[in-house]
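Student: The chain contents come next:
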Amino acid sequence: MTVAALTDLPLWPPINLDRDPLVPLDAGERRRFAGPVTRVRLPTDATAWLVTRHADVRQMLRHPGFSADLTRPGFPLLRRIPPGAFGDRRGGFIRMDGVEHTRLRRMLTAEFMIRNVRRIEPLIRQTVDRALDGLHAAGPPADLVTHVALPVPSMVICHLLGVPYADHDFFQERSRTLIDRDAPPERVQRHVRELRDYLHRLVEAKVATGERADDLLSRLARDRVDTGELALDELVGMAVLLLIAGHETTANMIGLSTLLLLRHPARYAALRDDTGHAEGLVDELLRYLSIVRTGLPRLATEDVEIGGRLIRAGEGAIAVLSLANRDRTAFDRPDEFDPYRAAQQHVAFGFGVHQCIGQPLARAELRIALVELARRFPRLRPAATAGRLPTRDSSVVYGLDALPVTW
Amino acid sequence: MSGAVRVRVDRDRCCGAGNCVVTAPEVFDQDDADGLVLLRRAEPPADAADRVRLAVELCPAGAISVAPRPVPERSSTS
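Going down the list, the sequences are from chains C and L.
The numbering of the first sequence is numbering that gives the first Met the number 0, which starts it at 0 and goes up by one.
The numbering of the second sequence is numbering that gives the first Met the number 0, which starts it at 0 and goes up by one.
Hints listed in this document are in silico derivations from the structure and should not be mistaken for laboratory results.
One thing to keep in mind: the hints can contain errors.
Using C-beta positions, here's what the derived DEER-type ranges look like [as the list claims (entries may be wrong)]:
hint	chain 1	residue 1	chain 2	residue 2	range
1	C	A401	L	D9	28 to 38 Å
2	L	D9	C	H158	48 to 58 Å
3	C	E172	L	D30	11 to 21 Å
Pulled from the structure, derived: some chain L residues nowhere near chain C, Cβ distances all over 10 Å [what the hints assert, rightly or not]:
hint	residue
4	R7
5	G15
6	D31
7	R39
8	R40
9	E42
10	P44
11	E56
12	P67
13	R68
Think of the CB as a built atom: it goes at the ideal place given N, C-alpha and C, for glycine as much as any other residue.
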């Protein structure tokens, strides 16, 4: 493709500050990217194929001919930062393929299995209760993001991993840098190093002490590092990944979900009276809000036909989860928020072997937080704000920076 | 769609996402040791067949398959 043609291609991700926070892409953008497979220009001036249909996204993310390893030449990066800036990549299995990925992921699958997440539901409930006490004490009005959406998942993942919650300002600021597409490279480099050093010291202390506490990182230290199966630096990389994934995603879902429910007061009230339905509601929220809005980038390592288009080995492709979740061939009236639809087929957690390992935890946190919020604050409504709500437009994980509420 | 099915799971492919356990808990389980899929019943009751098919659809790793359950036949036809 010639350079002249490159500038004619639409830019992905599109820059648009006028969009409502609940709308992943507006009508014009959807027409531009409806493809179903569209060639786009990335901020790096590379090109990639945008894959938007539900069936195509599933096929692509499950296909072994697509790599998640962003150090491969030609990988469709969404920001102008050389992958080397992220430093030591050991343990970061979200960016690995095949057996390398399987080996590390499988050390964690038992930790996040349904049964174990059910076991910690009382802890989640307790954490939510405390956060709601905090919200109550702070207002009205008060910021739901500061008092509930951020601290709940952060406290839970700290407890699970064995990371002191007292350090949350430190790791929250750094993890946010890592997923901010606009963060300058030097800042990314410094923050990733500081986060790794912090978790290195923590994990080293867990390995050094003979006594093993009952938390995930201590268990991995005992069962995998002590036995020589896992290097200390790999455990550090896994800890970085789990800490970031464990609080950024759920926090943003809680904030956006609350905004959506407050715009549908009957749905919000129903949460209190019909808690049995909360699980279905959570899947519909995940589908409708699709917070990983820039999509999942992959590099084709062989020629693969997706949606009638031949994607050649060496070309980049991006699976747009938010559009797949609004595909009318998969969901009736996809732009309607309908908590009573069967939404389980959404791809908000991704698809293929990289699908979110923490999804049972995320679902439980979201369900408990929203049900308890509706119970304790039946008269909750958005507080008046000057201008638009602050949103995370440059983050890989979309969300609200604040949600002022009153009751 | 209903009808008797026989379920197979491939633990080598399984990535432990747990969708099957949520969808059809009487058919699928997760191993305490590694979190990977365990089959509770290879021949689930007919009323679970639709949920088993949904579990096949939802499995991100393609680790579950179903086939129509063979109708018991006389040994001479086998």
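Student: Please flag the earlier hints that this structure goes against, numbers listed from lowest up.
Tutor: Numbers 1, 2, 3, 5, 6 and 11 - these are the hints that the structure violates, sorted from lowest upward.
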